[in-house]
Amino acid sequence: MADDGVAFRYVIPRSTPLGDIPIDDEVTEFDVAGASTGSKALPFVVEQPGVGWVAITEVRVAQYPRVRLVRAEGTILVRRLATAFEGATPLTCPWRVALVGRDRERLLQSEFLRGLGR
Numbered sequence: 091m092a093d094d095g096v097a098f099r100y101v102i103p104r105s106t107p108l109g110d111i112p113i114d115d116e117v118t119e120f121d122v123a124g125a126s127t128g129s130k131a132l133p134f135v136v137e138q139p140g141v142g143w144v145a146i147t148e149v150r151v152a153q154y155p156r157v158r159l160v161r162a163e164g165t166i167l168v169r170r171l172a173t174a175f176e177g178a179t180p181l182t183c184p185w186r187v188a189l190v191g192r193d194r195e196r197l198l199q200s201e202f203l204r205g206l207g208r
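If you count the sequence shown from 1, position 96 lands on 186 in this note's numbering, and the numbers rise without skipping.
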């Protein structure tokens, strides 16, 4: 068991009104101090003074488009899809993950990530 992260994903069950489902974009926000401007690929790793290192990443799902982080305003980073996606229900999206750790090198080696990939 790991206690160094939090993760969520969207699961859309099969439903008569929702056969095919177009996903134009994703607008999940993260408030990250110290993030520079511009678009960021995942994993995004940044040092947070007094906290340690923070990583924003995902556990990929085949055929689902990659995401990037884009600065919205101030310290807010928003997830945006690289391309639109045409899926069908049931649809399980990738895990969206935020990790915190003292050490940058070990952050992305977290047991938390391995557990989500099972």
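Hints were generated in silico from the structure; no laboratory data involved.
Quick reminder that beta carbons are idealized off the backbone N, C-alpha and C, glycines included.
Any given hint might turn out to be false.
Taking lysine to aspartate or glutamate pairs in the DMTMM-like style, the calculated list, with each CA pair at most 25 angstroms apart, reads [said to hold, decoys possible]:
hint, residue 1, residue 2
1, LYS130, GLU201
2, LYS130, GLU163
3, LYS130, ASP114
4, LYS130, GLU176
5, LYS130, GLU116
6, LYS130, ASP94
Here are the in silico distance ranges between beta carbons for each label pair [claimed, not checked]:
hint, residue 1, residue 2, range
7, PRO112, ALA162, 21 to 29 angstroms
8, VAL136, THR179, 30 to 38 angstroms
9, VAL135, ASP110, 14 to 22 angstroms
10, ARG204, GLY164, 19 to 27 angstroms
- Task: Decide if the proposed pair is consistent with the structure: LYS130 and ASP114, CA atoms, cutoff 25 angstroms inclusive.
- Result: Distance ~19 angstroms between LYS130 and ASP114 Cα, so the pair holds.
- Item | Consistency of beta-carbon spacing, ALA162 to PRO112, with hint 21 to 29 angstroms | Distance hint for PRO112, ALA162 holds at roughly 23 angstroms.
- Can the restraint linking LYS130 and GLU176 be considered satisfied, given a maximum Cα separation of 25 angstroms? The given pair, whose Cα atoms are some 24 angstroms apart, holds under the 25 angstroms limit.
- Task: Starting from LYS130, check that the Cα of ASP94 is at most 25 angstroms away, please.
- Result: 22 angstroms, holds
- Message: Next pair to validate is LYS130 with GLU116; report whether the Cα-Cα distance is within 25 angstroms.
- Response: 15 angstroms, holds
- Holds or violated: LYS130 with GLU201, Cα cutoff 25 angstroms? 24 angstroms, holds
- Query: Using the C-beta atoms of VAL135 and ASP110, is the stated range 14 to 22 angstroms upheld?
  - Reply: 36 angstroms, violated
- Message: For LYS130 and GLU163, compute the direct alpha-carbon distance and say whether it is at most 25 angstroms.
- Response: 15 angstroms, holds
- Message: Given a hint of 19 to 27 angstroms, does the C-beta separation of ARG204 and GLY164 actually sit inside it?
- Response: 33 angstroms Cβ-Cβ, so the 19 to 27 angstroms window is violated.
- Item | CB-CB spacing for THR179 and VAL136 relative to the 30 to 38 angstroms hint | 35 angstroms, holds
Hints 9, 10, counting from the list given before, are not met by this structure.
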